[in-house]
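Asker: All chains, full assembly: derive it from the sequences and hints.
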Amino acid sequence: QKEVEQDPGPLSVPEGAIVSLNCTYSNSAFQYFMWYRQYSRKGPELLMYTYSSGNKEDGRFTAQVDKSSKYISLFIRDSQPSDSATYLCAMRGGNYQLIWGAGTKLIIKP
Amino acid sequence: KAGVTQTPRYLIKTRGQQVTLSCSPISGHRSVSWYQQTPGQGLQFLFEYFSETQRNKGNFPGRFSGRQFSNSRSEMNVSTLELGDSALYLCASSFLGLGGGTDTQYFGPGTRLTVL
Chain A
741 QKEVEQDPGP LSVPEGAIVS LNCTYSNSAF QYFMWYRQYS RKGPELLMYT
791 YSSGNKEDGR FTAQVDKSSK YISLFIRDSQ PSDSATYLCA MRGGNYQLIW
841 GAGTKLIIKP
Chain B
22 KAGVTQTPRY LIKTRGQQVT LSCSPISGHR SVSWYQQTPG QGLQFLFEYF
72 SETQRNKGNF PGRFSGRQFS NSRSEMNVST LELGDSALYL CASSFLGLGG
122 GTDTQYFGPG TRLTVL
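Chains as they are written, first to last, in the numbering used here: chain A, 741 to 850; chain B, 22 to 137.
Nothing false has been slipped in among the hints.
Here are some of the chain A residues that sit facing chain B, going by a computed Cβ distance under 8 Å:
1. Pro-784
2. Glu-785
3. Tyr-836
4. Trp-840
Keep in mind that the hints were calculated from the coordinates and are not lab data.
The C-beta atom is built at its ideal place from N, Cα and C for all residues, glycine as well.
Answerer: This is the structure:
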């Protein structure tokens, strides 16, 4: 079993819909949680960063961490075709090494 | 400020050959990490260099090696290429290599390696 599980999709939704992307993990030592977005033919870019449990909002994006369930989510409101990309979750504990999910391919249909 | 650059962008090699990939980090960044990305596997960590020293290493065979120069530029080398080495190889740089969050990793566009 992988330390971080993420459904690879693809997830296809109509424009304007609320998107929910999720990752589960097994290591209770993870404290730092990140979401990266990767467009085709590009490297990943940091979208959201959360430390420990709770919610964090940035514009149309909300990151949520539930450490008791070992579950993190990224919500995208009012989704746009430009949000079409692969979304990767990443997390780490006290050491420096990030553990990554496989990435979810998201398609927003106009 | 210039981003992370990787060369070459595309490579085609045959089994048994050797390849060297190059990464130039953002100016001032001392940490360079290398990742292998394949469909369905996500990002697999190869190794991380900080101030010319390998500080962390992932679970890859010894055919995968790297180094970092005094100007923080880094190279990775794969010897005796296998078909399974076909992947996108990504380089990421940060100030301190704290693994994301407040010390954000910035990624290059990657080198697409195809092994025939």
